[in-house]
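Student: Spelled out, the chains give:
2 protein chains.
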Amino acid sequence: MKLGRLNHIGVATPSISDAVAFWRDTMGATTIHEPFDMPEQGVKVCFVDTPSGPQIELIEPLGDASPIRAFLEKNPAGGQHHVCFEVPDIAAARAEFEGMGKRVLGPTRIGAHGTPIFFLHPRDMGGVLTEIMETPSEGAHWSN
Amino acid sequence: MKLGRLNHIGVATPSISDAVAFWRDTMGATTIHEPFDMPEQGVKVCFVDTPSGPQIELIEPLGDASPIRAFLEKNPAGGQHHVCFEVPDIAAARAEFEGMGKRVLGPTRIGAHGTPIFFLHPRDMGGVLTEIMETPSEGAHWSN
Numbered sequence: 019m020k021l022g023r024l025n026h027i028g029v030a031t032p033s034i035s036d037a038v039a040f041w042r043d044t045m046g047a048t049t050i051h052e053p054f055d056m057p058e059q060g061v062k063v064c065f066v067d068t069p070s071g072p073q074i075e076l077i078e079p080l081g082d083a084s085p086i087r088a089f090l091e092k093n094p095a096g097g098q099h100h101v102c103f104e105v106p107d108i109a110a111a112r113a114e115f116e117g118m119g120k121r122v123l124g125p126t127r128i129g130a131h132g133t134p135i136f137f138l139h140p141r142d143m144g145g146v147l148t149e150i151m152e153t154p155s156e157g158a159h160w161s162n
Numbered sequence: 019m020k021l022g023r024l025n026h027i028g029v030a031t032p033s034i035s036d037a038v039a040f041w042r043d044t045m046g047a048t049t050i051h052e053p054f055d056m057p058e059q060g061v062k063v064c065f066v067d068t069p070s071g072p073q074i075e076l077i078e079p080l081g082d083a084s085p086i087r088a089f090l091e092k093n094p095a096g097g098q099h100h101v102c103f104e105v106p107d108i109a110a111a112r113a114e115f116e117g118m119g120k121r122v123l124g125p126t127r128i129g130a131h132g133t134p135i136f137f138l139h140p141r142d143m144g145g146v147l148t149e150i151m152e153t154p155s156e157g158a159h160w161s162n
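First to last, the sequence lines map onto chains A and B.
So the number in the numbering used here is just where the residue sits in the first sequence, counting from 1, plus 18.
So the number in the numbering used here is just where the residue sits in the second sequence, counting from 1, plus 18.
Watch out, some of these pointers could steer you wrong.
[Unchecked claim] For lysine-lysine, the following DSS-like pairs were computed, each having C-alpha atoms within a straight-line distance of at most 30 Å:
hint	chain 1	residue 1	chain 2	residue 2
1	A	K120	B	K20
2	A	K92	B	K92
3	A	K92	A	K120
4	B	K92	B	K120
5	B	K20	B	K92
6	A	K92	A	K20
7	B	K120	A	K92
[Unchecked claim] Derived contacts from chain A toward chain B, CB cut-off under 8 Å, selection only:
hint	residue
8	T31
9	A47
10	G60
11	R141
[Said to hold, decoys possible] Some chain A residues close to chain B (C-beta under 10 Å, calculated; not the full set):
hint	residue
12	V29
13	H99
14	F115
Treat the hints as calculated values from the structure; they're not laboratory data.
Values in this document were obtained by computation on a predicted structure and should not be read as measured data.
The C-beta atom is built at its ideal place from N, Cα and C for all residues, glycine as well.
Working from the sequences, and respecting the hints, build out all of it.
Tutor: This is how it looks when you write it as structure tokens:
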């Protein structure tokens, strides 16, 4: 395993529309992508670009079974939820983390950038919920 | 305010030496800087480079009054602690955030990269403890 690019940091929010206003008006973000639903993940997603490349991924609960509801119950204002690093080959990365005894949360699935992703249990990752995603093809890099 | 570069994400840890081993052996980081003490901030600090530029700032409590002790009591394994964005002019940024009614935590002081920084209260920042730092001069950028 070689550390890949930090693709994004995931920030949970009770309201993407409020969070978009915050990142635009308070933080001065100039490129904020269109929010979209990911019903199979139970989240609404909105990417905010930063000048250095990594994005902020705003995530709002979608549906009653959203996996971020519990996080927002503990953190009603929202907060830092996960970090996401890129790998060249998702299957190889999954096998490598599993070989190290790291708990992978659920199956590998298609993430918000359209490439395969999986999550690793924060208890095995220094307390940080960690998403691993296969690097998008060049054209799609750091875009929606 | 125009959103600046994401300089680093701060990750609290009970043990920098364990965290360095994790980032080297599990995550495959190839550039890990020498840890150093910041007694005036109550933390020991270690920067880990990512290929995309932003660093991981590992922070371990230093001294009994360390401001991250409470965080680690709640999150004994460690976890995501703050995010840090760069600005060209720290005084102008501080005035702008204060003008928006955002709570600045303490005085502007010299941060781990040797430039002035301040922190903003997470309750005013979508639940995210946010550090604002003046961009280091070109030569110092993303280095220790």
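Student: Each hint should be assessed against the structure and marked as holding or not.
Tutor: Status of each hint after checking the structure:
no.: 1; hint: A:K120 / B:K20; result: 39 Å, violated
no.: 2; hint: A:K92 / B:K92; result: 12 Å, holds
no.: 3; hint: A:K92 / A:K120; result: 25 Å, holds
no.: 4; hint: B:K92 / B:K120; result: 25 Å, holds
no.: 5; hint: B:K20 / B:K92; result: 34 Å, violated
no.: 6; hint: A:K92 / A:K20; result: 34 Å, violated
no.: 7; hint: B:K120 / A:K92; result: 22 Å, holds
no.: 8; hint: T31; result: 6 Å, holds
no.: 9; hint: A47; result: 4 Å, holds
no.: 10; hint: G60; result: 19 Å, violated
no.: 11; hint: R141; result: 6 Å, holds
no.: 12; hint: V29; result: 6 Å, holds
no.: 13; hint: H99; result: 8 Å, holds
no.: 14; hint: F115; result: 8 Å, holds
Of the numbered hints listed earlier, those contradicted by the structure are 1, 5, 6, 10.
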